[in-house]
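Undergrad: The primary structure of each chain is shown beneath.
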Amino acid sequence: MDKLISLREAMASVADGSLVALGGNVLHRAPMAACMELARQGRRGLRLVKTAGAMDVDLLCMAGCVASVDAGFISYETEYSLASHYRRAVQEGRVAGNEHACYTVISALRAASAGIPFMPVKGLLYGDLPAVNDYFAEVTDPFSGQKLYAVRAIRPDVCIVHVQKAERNGNAGIQGPKFDDVLMSRASARVIVTAETIVPDDYFARGGQDADIPHFLVEAVVHVPKGAAPCSCAGFYEIDRTALDAFQALQTEAELAAYLAVRGQDTYGRKGGGNGRWEW
Amino acid sequence: MVRENDYRICDLMVCVMARLICDGDTIFHGVSSHMPMIAVLLAKQMHARHAVHLNIPGGVDPAPVHLKKETSAGAELLEKSCAYFPLQEVFDLSMRGGLDVAFLSGIQFDRNGNVNASVIGDYHRPKVRMPGGAGSAVLIPTVKRAILWRTKHDKRTFVEQVDFVTTRGNIDRIVTPLCVFRYETGRLELDTIHPGVSCETLQEQTGFPLDFSAVRRTPLPTEEELKKLRRIDPRDYRNLEFIK
Numbered sequence: 101m102d103k104l105i106s107l108r109e110a111m112a113s114v115a116d117g118s119l120v121a122l123g124g125n126v127l128h129r130a131p132m133a134a135c136m137e138l139a140r141q142g143r144r145g146l147r148l149v150k151t152a153g154a155m156d157v158d159l160l161c162m163a164g165c166v167a168s169v170d171a172g173f174i175s176y177e178t179e180y181s182l183a184s185h186y187r188r189a190v191q192e193g194r195v196a197g198n199e200h201a202c203y204t205v206i207s208a209l210r211a212a213s214a215g216i217p218f219m220p221v222k223g224l225l226y227g228d229l230p231a232v233n234d235y236f237a238e239v240t241d242p243f244s245g246q247k248l249y250a251v252r253a254i255r256p257d258v259c260i261v262h263v264q265k266a267e268r269n270g271n272a273g274i275q276g277p278k279f280d281d282v283l284m285s286r287a288s289a290r291v292i293v294t295a296e297t298i299v300p301d302d303y304f305a306r307g308g309q310d311a312d313i314p315h316f317l318v319e320a321v322v323h324v325p326k327g328a329a330p331c332s333c334a335g336f337y338e339i340d341r342t343a344l345d346a347f348q349a350l351q352t353e354a355e356l357a358a359y360l361a362v363r364g365q366d367t368y369g370r371k372g373g374g375n376g377r378w379e380w
Numbered sequence: 544m545v546r547e548n549d550y551r552i553c554d555l556m557v558c559v560m561a562r563l564i565c566d567g568d569t570i571f572h573g574v575s576s577h578m579p580m581i582a583v584l585l586a587k588q589m590h591a592r593h594a595v596h597l598n599i600p601g602g603v604d605p606a607p608v609h610l611k612k613e614t615s616a617g618a619e620l621l622e623k624s625c626a627y628f629p630l631q632e633v634f635d636l637s638m639r640g641g642l643d644v645a646f647l648s649g650i651q652f653d654r655n656g657n658v659n660a661s662v663i664g665d666y667h668r669p670k671v672r673m674p675g676g677a678g679s680a681v682l683i684p685t686v687k688r689a690i691l692w693r694t695k696h697d698k699r700t701f702v703e704q705v706d707f708v709t710t711r712g713n714i715d716r717i718v719t720p721l722c723v724f725r726y727e728t729g730r731l732e733l734d735t736i737h738p739g740v741s742c743e744t745l746q747e748q749t750g751f752p753l754d755f756s757a758v759r760r761t762p763l764p765t766e767e768e769l770k771k772l773r774r775i776d777p778r779d780y781r782n783l784e785f786i787k
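Residue numbers (this note's numbering), protein chains in the order written: chain A, 101 to 380; chain B, 544 to 787.
It should be emphasised that the hints constitute simulated quantities derived from the structure, not laboratory data. Only a predicted model underlies this, so the values are computations on that prediction, with no experimental measurement involved. Among the hints, erroneous ones may be present.
20 angstroms max Cα-Cα, derived EDC-like pairs, lysine to aspartate or glutamate [what the hints assert, rightly or not]: (1) B:K612 x A:D228; (2) B:K611 x A:D340; (3) B:K698 x B:D734; (4) B:K612 x A:D345; (5) A:K247 x B:D734; (6) A:K222 x B:D665; (7) B:K670 x A:E338; (8) B:K612 x A:D340; (9) B:K623 x A:E338; (10) B:K670 x A:E192; (11) A:K222 x B:D604.
Footprint (simulated), chain A over chain B, 3 or more residues, beta carbon under 8 angstroms [to be verified]: (12) 590-602; (13) 629-642; (14) 727-734; (15) 767-775.
Built from N, CA and C at the ideal position, the CB exists for glycine as well.
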């Protein structure tokens, strides 16, 4: 089955208010082109899920797309410091910053992937997080009586994962660190894959590499070379510091719109596109 | 002989962290963690050849050819690694009692060993939203020894009581630019003061009273440690947190 569609079409299928899991980790293999397209389309009320986010979450917060963020950590790496748009949006009450430990996001996704309503976790024994968040609750092991915390399942409406290689039918392969993308693909109701390259239909069956996300889980495939930029994509490109700096210097909505206008579009969103030789 | 001018505070802090690693330890560090990452690489070349280096990307005992600015969560940490053991599994390892050391940080610390990496002010409408504790809330209570580092040491960082308790638990040491704290019997105690730091300065920069009665000086980095550091980290990423 051919699931290849345009980025515009794929992101148009993400409704306002959706619970959206984003693949990658901090500045690595985040689905940036997809985030930029969501921002261009003016999506509202998204509830984001990620273990550790950076520019993806920050950009969507700046564009006003976000209602809440469930994550363990939102910040750039050392030299780029804090995610200022996320931070301001939470401080001004526009975005709910639902703090997890990275592991409780993983546990919540594991629960969803197993079709159960919660996952018991060790470790959350001390501190104020359980008291101020309704997604943690104390539970007792029915067998031993041990006290644990339960974390409520998170079943994203959709997860968006950027990979290096995908077949048109949805088989998707990740190169380098897989982060939590594979788990997200099992936990989410729908999976949208954006890919650096579209490989021949029997690429994964012919061996060399198994798909990390099998086709039957995937709803749509989008061909987006540089789809993680300015974040890194293992085996393809490093972090684009110039583009990151340019984003961090943006102040106004108009500046953001200009930034988005020239970045992160797919081969189909461009005249004469579809040849895989798209650059920016 | 190494003298005080032969090293910078980042060198000293990395050496302190490296020496806290025991041979054979399983060790995890996270993102934005250049200093502990370099400390692990150093310890493995000094006294802890059998220490096991674990990280977010998932490479077990990687030997990255060139460290990069974003290496502490980047694909380089899969280079020359012997197995793939990603973050989810590192957490599981800690939950079942198999993780010896986790290097973590925070924004605020108090004398009772509470760590705040979350908010200043009301949680739901904070005055300051900080990045969040990442793995801390589950790792600090479950890892055998949490070693914390913070490159800022002032009265807003080391306080009588934190604004919000992200977590507390098995803290072993907190390494700062001025001293090393030890967590013992529910209290942060002074372990060692770095060379060149006076008791007066340290007390002035700390928001709770310190007991100086049994304090020792932090040993200087050795020539061998400094030489190895320059080779492991020729681009000086261990100093990144001091120059931003």
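Undergrad: So, for every hint listed, does it hold in this structure?
TA: The hints, checked one at a time:
1. About 33 angstroms separates the Cα atoms of K612 (chain B) and D228 (chain A), which puts this hinted pair outside 20 angstroms; it is violated.
2. The straight-line distance between the Cα atoms of K611 (chain B) and D340 (chain A) is roughly 13 angstroms, inside the 20 angstroms bound, and the hint therefore holds.
3. A hinted pair counts as satisfied when its Cα atoms are at most 20 angstroms apart, and K698 (chain B) with D734 (chain B) qualifies at roughly 18 angstroms.
4. Distance hint between K612 (chain B) and D345 (chain A) is fulfilled; the C-alpha atoms sit about 15 angstroms from each other, no more than 20 angstroms.
5. For a cut-off of 20 angstroms, the pair hint linking K247 (chain A) to D734 (chain B) is broken: about 34 angstroms separates their Cα positions.
6. Between K222 (chain A) and D665 (chain B) the CA atoms are separated by roughly 26 angstroms; this puts the pair beyond 20 angstroms, and the hint is violated.
7. Between K670 (chain B) and E338 (chain A) the CA atoms are separated by roughly 35 angstroms; this puts the pair beyond 20 angstroms, and the hint is violated.
8. A distance of roughly 12 angstroms separates the Cα atoms of K612 (chain B) and D340 (chain A); the hinted pair therefore holds under the 20 angstroms criterion.
9. Restraint check: the Cα-Cα separation between K623 (chain B) and E338 (chain A) comes to about 19 angstroms, which is no more than 20 angstroms; the hinted pair holds.
10. Distance check on the hinted pair: K670 (chain B) and E192 (chain A) sit about 9 angstroms apart at the alpha-carbon level, within 20 angstroms; holds.
11. This hinted pair does not check out: K222 (chain A) and D604 (chain B) have alpha carbons roughly 26 angstroms apart, beyond 20 angstroms.
12. With a threshold of 8 angstroms between beta carbons, the proposed coverage of the stretch 590-602 of chain B by chain A holds, since 3 of its residues qualify and at least three are required.
13. Given as covered by chain A, the stretch 629-642 of chain B passes the check, having 6 residues with a CB less than 8 angstroms from a CB of that chain where 3 are the minimum.
14. A stretch counts as covered by a chain when three or more of its residues have a beta carbon under 8 angstroms from one of that chain; for the stretch 727-734 of chain B and chain A the count is 0, and the coverage is violated.
15. Counting residues of the stretch 767-775 of chain B whose beta carbon lies closer than 8 angstroms to any beta carbon of chain A gives 0, which falls below the threshold of three, so the coverage claim is violated.
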